[in-house]
Amino acid sequence: MANMSLIKNPMPSQDPNVRNKNFDEVALGYTREQAMDEAQRCLNCKNRACMQGCPVMVHIPEFIAEVAKGNFEEAYQIISNTSALPAVCGRVCPQENQCEKYCVRGKKGDPVGIGRLERFVADWHNSHTCDVPPRPAPNGHKVAVVGSGPAGLTCAGDLARKGYDVTVFEALHLAGGVLVYGIPEFRLPKAIVQKEVDGLKEMGVTIATDTVIGGTITIDDLMAEHRFEAVFIGSGAGLPMFMKIPGVNYRGVYSANEFLTRINLMKAYREDSDTPIQHPKKVAVVGGGNVAMDAARCAKRLGAEVYIVYRRGMEELPARHEEVEHAEEEGVIFKTLCNPVEIFADENDDVNKIRCIKMELGEPDASGRRRPMEIAGSEFDLDVDCVIMALGTSPNPLIKDTTEGLVINNHGGIVVNEDGLTSREKVYAGGDAVTGAATVILAMGAGKTAAKAIDEQLMGK
Amino acid sequence: MYRIVRKEALRPTVTLYEIEAPLIAKKANPGQFIILRVDEKGERIPITINSYDPEKGTVTIIVQTVGATTEKLSHMKEGDCLADFVGPLGKPTETAGKKKVCVVGGGVGCAIAYPVLKKFHDDGAEVHAVIGFRSEDLVILEDEFRAASDKLVVCTDDGSYGRKGLVTEALKELIDAGNQYDEVFAIGPMVMMKFVSKTTEPYGIPTTVSMSPIMIDGTGMCGGCRLSVGGEMKFACVDGPDFDGHKVDWDLAVKRNQMYQAIERHKYEETCNLFKKEAN
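In order, the protein sequence lines correspond to chains A and B. Heads up: the first sequence is residues 40 to 500, going by my numbering. Heads up: the second sequence is residues 90 to 369, going by my numbering.
Think of the hints as simulated: they come from the structure by calculation, not from any bench. For each residue, glycine too, the CB sits at the ideal point set by N, CA and C. One thing to keep in mind: the hints can contain errors.
Below, a sample of chain B positions facing chain A; criterion: calculated Cβ distance under 8 Å [to be verified]:
1. I113
2. K130
3. V155
4. D169
5. D173
6. F174
7. P177
8. A185
9. R345
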């Protein structure tokens, strides 16, 4: 008999006033009982509306049915058949816009907590199973993957499972891409990412860190000299964008990328790290997406009073609802409907103030969102010693500048067809390098599509 | 791993490291840089390449001990391995097509100025060089510079070696003596590059500088290395490191580079104390 409660089992979490002072994971995960109870809310409906919302087509009702029965390892096997990174997706996917959006239970009450169940299953597997899956028989074909973020890891995993000899090239010293330099420890513990990367290594994938494609090796070198038969480019987004306002280069103005990288990748908040970071007292984070929330919550944990400055309203924040809620609970102050116009600094160029102007929403623009407009004469100042710009990124030029014949669109993204194939033969691409800044799961979907196309191409299917 | 195959103290605080890095050695060009991390807790620091040997598969850097990371590096021995060594990064210096140039190097910046100077020389230009150091005990690569240049002036701030004074004075004299340079290329401390640019500006001599701002990834991700050049935002790691010295906003660049000075000094002292304790 299904559990007909209209309410999702709540996620146990660290108390907001405790967690805003540490970097430990915020959400603690379901217990076995909570997971089985939540799983029983799934009606196992025939048309599986949830699956159409999943970019990697996880067989959702099937895995949930196993959870309901307490068969957690079986559930894990079902998820991992189509998803390379279950423990990651269960934590960072915007389920409310994907699988859970289509859940029938959501028509009246909360949808089934699919993401929370996925996380439970992945964590259960990681803490209970240490069987190394058998290495697939090699098929004798070599594929290179550029970038070890979600797109690259997914593509590498899918190909390795089919017996390909895969090497993943990573520019930084650690594999994981945005999962390690961008998303903070308290939302995605780095040990989980490491576990996923180790899993790929056990399958025979080689991870080459400290290797910049377009610098150390070019795409053409990979194919001509290193004898890779196909290449997948999942190099991520790239150059951070800054507002074109006076004062944007003063000391204490960071891109979210830099601020987060210092904290997440370089662990600058720890005493034993050699990487320096400012410990600001008051911070303005400009932007309203998930990256802005991550930066704000990190700044909070460094001990600062934190404002989110966003030009549209609370309703329009592009960040996940859960992230906004967590940020609010932790004491981040939202200054919505206002936009920075100038940053001021003292005689040493250290930021001491940001001037903002109030905004109102006008008619919808090309994106369908109501256009924010300045209210004349409404300027006001916030005393801050740090400004973090979380405004998205523009594509990195390194690969396009060193790869002849690779067609780029006018936003700088790599042009691909529906299989992820670029204008160059046997060179595929996906993730933010193609779309500009998007989500982990969309990048994974692109990695998956390309892996399938590469397999078909090399096998002459 | 990135093994130190040769370590040579050029001066008490200036050390040459030849590092095993075959892929980088194969691709490197004058003017490009690498990023290294000494150990797992280490920070990522950019250092411009001094020389490279594709046959041997090694890259040489020359480093002055100025902070915690360079102090740690100075305690590494031949045969030890660095945690990370990435590159080559940045765009190579454009050296082709010049008839007569003057290369100005300051301090440990001479380690980087040298491969650029040599490339100008090999490409057929008449090359003058002005290199400056604080004092005699910091002079490096003099013989190498002499061998690859048509005229060399060595300066020290305190007059303990060569001529006493700043490189800008020597440069101005060369220009005033009628030397017509197609380009002046300056590498050294930011303040020196700023004043070299100020010196050549009235003469309208194109002046290129090699910028080394604070950076983390070095591949165009963090935006920490941004500069204002001709009023536009540029990223030293992917747009540079070479820029038109007459267009760089120097005051901004100098101040941004000192952003972590207090923290860095503290970390440097801590590191030195640690090594002292270990030695006792």
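Structure-based check of all given hints:
no. : hint : verdict
1   : I113 : holds (6 Å)
2   : K130 : holds (5 Å)
3   : V155 : violated (14 Å)
4   : D169 : violated (17 Å)
5   : D173 : holds (4 Å)
6   : F174 : holds (7 Å)
7   : P177 : holds (6 Å)
8   : A185 : violated (18 Å)
9   : R345 : holds (6 Å)
In terms of the numbered hints stated before, the structure departs from hints 3, 4 and 8, listed from lowest to highest.
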